[in-house]
Amino acid sequence: MSAALLVARVGSADDLLALARAARELGFATLDAHAPHTVEGLGEALALPPSPVRSLMLVGGLGAAAAIFAYQYWTSVHGYPINSGGRPLNSWPAFLFATFETGVLGAALAGFTGFLWSCGLPRPSHPFFEAAAARAVTDDGYALTLDPRDPRARIDALDILRTRPEILSVEVIG
Amino acid sequence: MTATATEFHDRRADEARETARRYLPTGMRPDRITAAVADPVLERRFGRLWWTAFLVSSTLTLVMIASLIWLVREGVGIWGINTTNVWGFAIANYVWWIGIGNAGTLISSMLLLTRQRWRTSISRFAEAMTLFAAAIAGLFPIFHLGRPWLFYWLVPYPDTMDLMPQWRSPLVWDFFAIASYLIFSLLFWYTGALPDLATMRDRARNGIARRIYGAFALGWRGSARHWHHYEAFYRAMAALGVPLVVSVHSVVGMDFAAGLMPGWNESIFPPYFVVGAMFSGFAMVVVLAALIRRGLGLHRLISLDHFDAMARILLFASLVMSLSYATEWFFAWYSGDHAERLLVRFEFAGLYAPLYWTMILCNCIVPLAFVLRAARRSLPVLIGVAVLINVGMWLERILIITETLSRGHLPSQWRTYAPTIWDWLLLLGTLGFFAWMFLIFVRLVPSVSMHEMKARLREVGA
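Chains as they are written, first to last, in the numbering used here: chain A, 1 to 174; chain B, 1 to 462.
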């Protein structure tokens, strides 16, 4: 099924929140909202599940830290032991520098990858870009999008939605 | 709500309004913000001033490249270092540049976590400053190796020489700290800029510009899902950024403190270096903010109140620096150690004493001007003091190295240090290279975070 998109443009972030809540109550499951900045409460209005990014960062960070620590331990004690001034081969306090830095790096890389993956980016082509509103939402525009053939919405939901006072204009793509 | 709770609530709201009035361009609509930040990049032709600065910095960049080529050809003997003063300018410049390089991410993440609204105006270019300065800093230890083409021996990989990096060596800690920090800062900066790059993509009229910005924007649509994951990621990065920066500059402090030399082997070094980094970095941010404000006409977005706030931080950092110096002197005396006491005497009355006194003047005395409100709100004074602070911090770095190495434990090894023309040319060249990258940055990337400014303005309902 090729995606069809209904783009309803509104004038402000508050209108966007109100419209998003109304559309969700009408049963639309294919909702998305677009804004030029973060809008507090929009995630709840659309009932977005919690972002997995931070869990990924925790796993990536701890994993990278554990791996580099194990590697330092193995190379120093078993693989390439060197007696440096009589210090113990397992000089674990000295190993913690690389462990911490690599752990943070691992978390950052896992987070960035997870962030892009969760957002579905990079995605140079998307039906939304066909809409006139797309250029506005990176400036001062706010828009709600949904699939007009959304099977989960009530039969006349679309007509009810179209009469909402917040909507400035509607475009249908695809 | 009880009466007290209402009062508290009202007071908080009043405070928020007051902060907004001072640090945010209240009454500016989102489209005006886009126009104010994006249009100078996309539309305006840059005048003679920019081109002059670009030509000068390009020339200095060539000087840097030439002096590096000559260095690789002739060896580190062209520098002023000798068998006693083995570090010289290279390591002093490294510490100075990484200090400036630490400030951007520290400022940006610390102020985000503490919800300082004035961060929005300065975070983007402060982070860019971080990237450029940290990249330059990384050059120095590599070229100081003598055989820079073998620097990859610091990477732990199974090789035919049957060797591994010495994990107990500060040089290896440095390598991990700087490599992690550079990649981390790049990701943090790029993520913050991603929505603004999409704005540039949609606003550019030129087809090539639209394609290039479009490629870097990765198809950002401002979707609620994008923002949802963005917030989760960006805040977590800020929370990781603060301890990372502290650890990176602590490792730089450990390069010294892990040695047994007088004046280096001190437990105060890691925090003392972190504050020093914040001090010189903030001073650099003040200078760059003044230039950007004037060059791009961002007077409403970067106001005198922002400079006032930064000057207060400089004043505070200056007091901490003074306390650190005093602590060093006190412990040299209190330890009763002959070499430590001799070193402090050498600092105040020895060969480099004029430089040491200049350093104290620049770092401890001059910033005290910021107790005066008028000084915090006068751009010429701000820039003058900020430049002097950076001179003072550079002197601190070079003096920490040369004073200690010139007067170590073994009197038969005492030698003095004097830089050569190649030391100066490389320092000058890197300054030019930094300016060169920054000049290109302001022409290509929005210098102020547009999406964040819009979000802050909505929060305060202005």
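Honestly, the hints are just simulated from the structure, not real lab data. Quick caveat: nothing in here was measured; it's all calculated off a predicted structure. Glycine is no exception: its CB is placed at the ideal position from the N, C-alpha and C atoms. A hint or two may mislead.
[Stated by the list, open to error] Some chain B residues near chain A, calculated using beta-carbon distances under 10 Å:
#, residue
1, Ala177
2, Asn206
3, Leu319
4, His451
5, Arg456
For each hint, the structure was consulted:
{"no.": "1", "hint": "Ala177", "verdict": "holds (5 Å)"}
{"no.": "2", "hint": "Asn206", "verdict": "violated (15 Å)"}
{"no.": "3", "hint": "Leu319", "verdict": "violated (29 Å)"}
{"no.": "4", "hint": "His451", "verdict": "holds (5 Å)"}
{"no.": "5", "hint": "Arg456", "verdict": "holds (9 Å)"}
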